[in-house]
Each structure stands twice: as structure tokens, then as C-alpha cells.
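From just these sequences and the hints, can you work out the full model?
Read off the chains here:
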Amino acid sequence: MQPVRVQTEAFDVAAEIEALRAGDPHVGGLVTFVGYMRDFNQGDRVETLTLEHYPGMTEKALEAIVTEAGARWDLLGIRVVHRVGELRPGEPIVLVAVTSAHRGEAFRACEFVIDYLKTRAPFWKKERTPQGERWVEARSSDQRAEARWRPGSGKATR
Amino acid sequence: MIEVLYFASLRERLGHDREALEIPPGVSTLGGLAAWLAHRGGPWEEVFAGDETLMMALDQEAADPATDLHDGAEVAFFPPVTGG
Numbered sequence: 555m556q557p558v559r560v561q562t563e564a565f566d567v568a569a570e571i572e573a574l575r576a577g578d579p580h581v582g583g584l585v586t587f588v589g590y591m592r593d594f595n596q597g598d599r600v601e602t603l604t605l606e607h608y609p610g611m612t613e614k615a616l617e618a619i620v621t622e623a624g625a626r627w628d629l630l631g632i633r634v635v636h637r638v639g640e641l642r643p644g645e646p647i648v649l650v651a652v653t654s655a656h657r658g659e660a661f662r663a664c665e666f667v668i669d670y671l672k673t674r675a676p677f678w679k680k681e682r683t684p685q686g687e688r689w690v691e692a693r694s695s696d697q698r699a700e701a702r703w704r705p706g707s708g709k710a711t712r
Numbered sequence: 697m698i699e700v701l702y703f704a705s706l707r708e709r710l711g712h713d714r715e716a717l718e719i720p721p722g723v724s725t726l727g728g729l730a731a732w733l734a735h736r737g738g739p740w741e742e743v744f745a746g747d748e749t750l751m752m753a754l755d756q757e758a759a760d761p762a763t764d765l766h767d768g769a770e771v772a773f774f775p776p777v778t779g780g
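Protein sequences, first through last, are from chains A and B.
Okay, so the first sequence: first residue is 555 according to our numbering, each after it adds one.
Okay, so the second sequence: first residue is 697 according to our numbering, each after it adds one.
Note that these hints are calculated values from the structure, not bench results.
Just so it is clear, CB atoms sit at the ideal spot from N, CA and C, and this is done for glycine as well.
Some chain B residues close to chain A (C-beta under 7 Å, calculated; not the full set):
{"#": "1", "residue": "ALA704"}
{"#": "2", "residue": "SER705"}
{"#": "3", "residue": "ALA753"}
{"#": "4", "residue": "PRO776"}
{"#": "5", "residue": "THR778"}
{"#": "6", "residue": "GLY779"}
{"#": "7", "residue": "GLY780"}
Here are a few chain B residues that sit away from chain A, every Cβ distance over 12 Å (derived from the structure):
{"#": "8", "residue": "GLY711"}
{"#": "9", "residue": "GLU715"}
{"#": "10", "residue": "GLY722"}
{"#": "11", "residue": "VAL723"}
{"#": "12", "residue": "SER724"}
{"#": "13", "residue": "ALA730"}
{"#": "14", "residue": "GLY738"}
{"#": "15", "residue": "GLU741"}
{"#": "16", "residue": "ALA745"}
{"#": "17", "residue": "ALA762"}
{"#": "18", "residue": "THR763"}
{"#": "19", "residue": "GLY768"}
Printed below as a string of C-alpha cells:
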């Protein structure tokens, strides 16, 4: 299985996790982050979310993030699956799953990957509310989350 | 020739998702290309000469206004990303 996938089809979180873990008896810890589509944003009800991306660059950006995580921490496996196209509330948007011998490495790498994905991978969300469609704006809190992992920011060290 | 791609809100505002261009005379960087595009006026000026944050890529890698252009390049302009 590819460590990085971008797809329009829904994915099964449990099946992805099991596929990553199975067959590797060295795995001592597995950490996952699953991002779901929620039915509200900025005080409005959100009916659907449509995700656009930049085919080609998206995969390269995700692979670069995964490679950097593998260089920073001692990991056994990693998987990133991201949906594109139209989603409905409650559906998973993104899965980041990381395995390692011990939990600390997996926790840090998982958070690093989702923080970097949010600011570096070329995806864009458009939401439909009862008032119409609008593009979701980038959050400064995501920029701050990413900055924590840069050298010299404290969290970047193991 | 270069291929220039526009995504998300930029694509909608500009009314284009991609175009093929000759590198304009005197333009050597992505920032130079953005300034040249701004001269088309209307939404182009708003997007490329306004104060909103613009992200860019060269050959599918993150880039900045100082990045050099080359013939055959794939250039992309897009708003801040919102995945995850």
C-alpha cells in the first residue's frame, strides 16, 4: 500500500489502521489522527464540503512531509489518506496513522504530519451553508501549530 | 512556453484554471510573472497586486516570488491552503 493516497472514495479508518500494523511484530504503538467534516463553521450550519487539490503537487507535498517525519523520528510505518471531492458531515476527511516501537515517537510524528499537512499540502475547502457557498479561509492558528516544529522552537527536538 | 495554473478562489475570480504563455520579456522570476499578470487589470490586478496572501509553486514544489522561471516550467498560483 502507498504511504500517501489522495482519493474521492470514502475510506475505512479501521481497515487502514489494521493494514498499517499487521505483519510487523516490532510495532509497539500506533497513533492516529482522523479529521472529520463537521456540520458547523464560524457559527453557520455546513451542509457539504467540497475539497479541491493540485494533482501532482499534493502527492509530492505529502510525501515530503512523510519523509521528513521519518527523518526526525524512529518510525516503523506511516500512512496518510486524504479525501477530495464532495463530503458530508460526519465523513472522515483525512487520516494520519503512525507506528513505532514506542508511543512517544508515534505521537510526535502524527501531530507533526497533520500540522505540516494543514499549511503545506495544496488542498482547499469550499463549504455550502444555507446562505450559499464560500471558500474556507486559512487559520492563523494552523500557521502557529506548524511553526512549533521548526528548529529552535523547542518542540522540534526529540 | 510555460504553463500557469490557478486554483480554488483564484481560479474562480480569474475565470481561468490554466493557460500556456511565453515567458514575457523582462520577466525572470515568479514575482515578475505575478507583476506582469497584474497588468491585465480587473481581477488580475486585485489578485496579483493586492495585499492578500498568495502562494505559488514551480514544477509542483512550493516557491516564492524570488524563484527563477525557466522555459517549460509549470507555475501555479493559489490562496493559502485549507486541507486536513
